[in-house]
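Number of protein chains: 2
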Amino acid sequence: MADIITAAMIVIGDEILSGRTKDKNIGHLADVMTAIGIDLKEVRVVSDQEDDIVAAVNALRARYTYVFTTGGIGPTHDDITADSISKAFGVPCEYDARAYAMMDAHYQKREMEFTEARKRMARMPRGAEHIDNPVSLAPGFRIGNVHVMAGVPAIFQAMLDNVVPTLSTGQKLISATIHCPFGEGVIGGPLGDIQKKYPETIIGSYPKYLDGTFWTELVVRARSQEMLDAAASEVQAMVDALGSEPA
Amino acid sequence: MADIITAAMIVIGDEILSGRTKDKNIGHLADVMTAIGIDLKEVRVVSDQEDDIVAAVNALRARYTYVFTTGGIGPTHDDITADSISKAFGVPCEYDARAYAMMDAHYQKREMEFTEARKRMARMPRGAEHIDNPVSLAPGFRIGNVHVMAGVPAIFQAMLDNVVPTLSTGQKLISATIHCPFGEGVIGGPLGDIQKKYPETIIGSYPKYLDGTFWTELVVRARSQEMLDAAASEVQAMVDALGSEPA
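Top line first, the protein sequences correspond to chains A and B.
Take 1 as the starting number for the first sequence in my numbering and just add one per residue.
Take 1 as the starting number for the second sequence in my numbering and just add one per residue.
Same shape as in the complex, but just chain A (with noise of 0.2 Å):
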């Protein structure tokens, strides 16, 4: 059996916090992860707090295979992700020369200034690699097994783009879905049997409700397609039964 690869995120922003802006990145990371065989197993929000970034970092990159963070990379002062980042690899921030040479030959073929503001967007961890930012150039970095990206989804969605060939993946968990029309209280006791029974699956049970309906979608995980069709086929059985029975 393959190594089973993790992954943490840290989004980094008071805004998400406020409510003010709505995070989209979570579930586009979480589609991305689960599409080649990484296993996501803990996000945390964070706000721009240069103490709880490194924080979190730490923690995490201790922890998982793999740590993406987004937000906070862009000119003003509240963005403080590279300082935080090298604060917690304990190497100095500095610009980067190739970051900083591209970002100067942009802004002077656009004829625009290359203010102090734009220049903090050179700056990274000493010994950091670039991530390509095909949106808006400003690259992002990777140190050590921290991937650093923007929070914009559009540019963090290219980046992870171009960081995705770069990753160790593991072997995928595959998963099939059984649509339900008992609610969790009826299918909970027969459901939590055959999870016991076949315990290298991950037997999820998802509550669905709208408009005074309930109903469940049953998710069978597993990294080998014999011991996924030996569950799933068993609670499909289990709601077959029940269907069968009288209301």
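It is possible that some hints are incorrect.
The list makes no distinction among identical chains, and a pair is therefore deemed to hold if it is satisfied within one copy or across any two copies.
[Stated by the list, open to error] Lysine-lysine pairs mimicking DSSO-like chemistry, simulated, CA-CA at most 27 Å apart:
no., residue 1, residue 2
1, K208, K22
2, K208, K196
3, K24, K208
4, K24, K109
5, K119, K197
6, K196, K119
7, K109, K208
No wet-lab data here; the hints were simulated from the structure.
Model the placement of chain B on the given structure of chain A, informed by the hints.
For chain B alone, kept in the frame of chain A given last:
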């Protein structure tokens, strides 16, 4: 000046981390907290693993005024929030007599079986108080400063409506938004100077990008109208001055 009241949120559930379900509760809680003057300082999304839930609950309940959890209080085997919260507080997880009787009566009235799975929803840490659930009856609960609510958004929102009147609220953070037709690279420098001049305000800069155009929303937050007006008018003047310069 009134005390500053802080909060953290724990979103519990593999379905969020796999991308299968897109969280809608973080944004709602953030909006409500902002509206009532409580600072949401941190959010963690954790998997359906007891150790992970216990660690998050104990880290956050010690640090913030309030903790709010969503998810994992249904009737199935993967609903382990009540057990995990009990473990975090070092108290037994047991049937709550009032919840049990209420649910028993509810199912009897509907001629439905009060299954073992449904009975799980009457379990809570010893000493917990109910959070009423007007949607689907089974209550959430509060123990210490931790409020445990459902993950289904309609139920979470209804439970939160019942919690809000019980909370101590802080002096509300008020805000002013200044639309800025320039990207952050232009305004980053002068905006940082204004932040330094008004350290009691929080000045945020939120880059927006759509179809090749960048602009920025500048948000000034403060706990007094006087401080807000002073800082916001300087930000507005900065934007106006830039707008009158040659392009």
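Hints and how they fare:
1. Taking identical chains as interchangeable, the C-alpha atoms of K208 and K22 lie at most 27 Å apart whether they share a chain (22 Å) or sit on different chains (13 Å).
2. Proximity of K208 and K196 under a CA criterion of 27 Å is satisfied intra-copy only: 24 Å inside one chain copy versus 49 Å between copies.
3. Proximity of K24 and K208 under a CA criterion of 27 Å is satisfied in both settings, with 21 Å inside one chain copy and 14 Å between copies.
4. For a Cα distance limit of 27 Å, the shortest separation of K24 from K109 qualifies neither inside one copy, at 33 Å, nor across copies, at 43 Å.
5. Taking identical chains as interchangeable, the C-alpha atoms of K119 and K197 lie at most 27 Å apart only when they sit on different chains, with a minimum of 22 Å there against 58 Å within one chain.
6. When the C-alpha separation of K196 and K119 is checked against a cutoff of 27 Å, the pair qualifies only between copies, where the shortest distance is 19 Å, while the shortest distance within a copy is 57 Å.
7. Only between protomers do K109 and K208 lie at most 27 Å apart by alpha-carbon distance; the minimum there is 23 Å, versus 54 Å within a single protomer.
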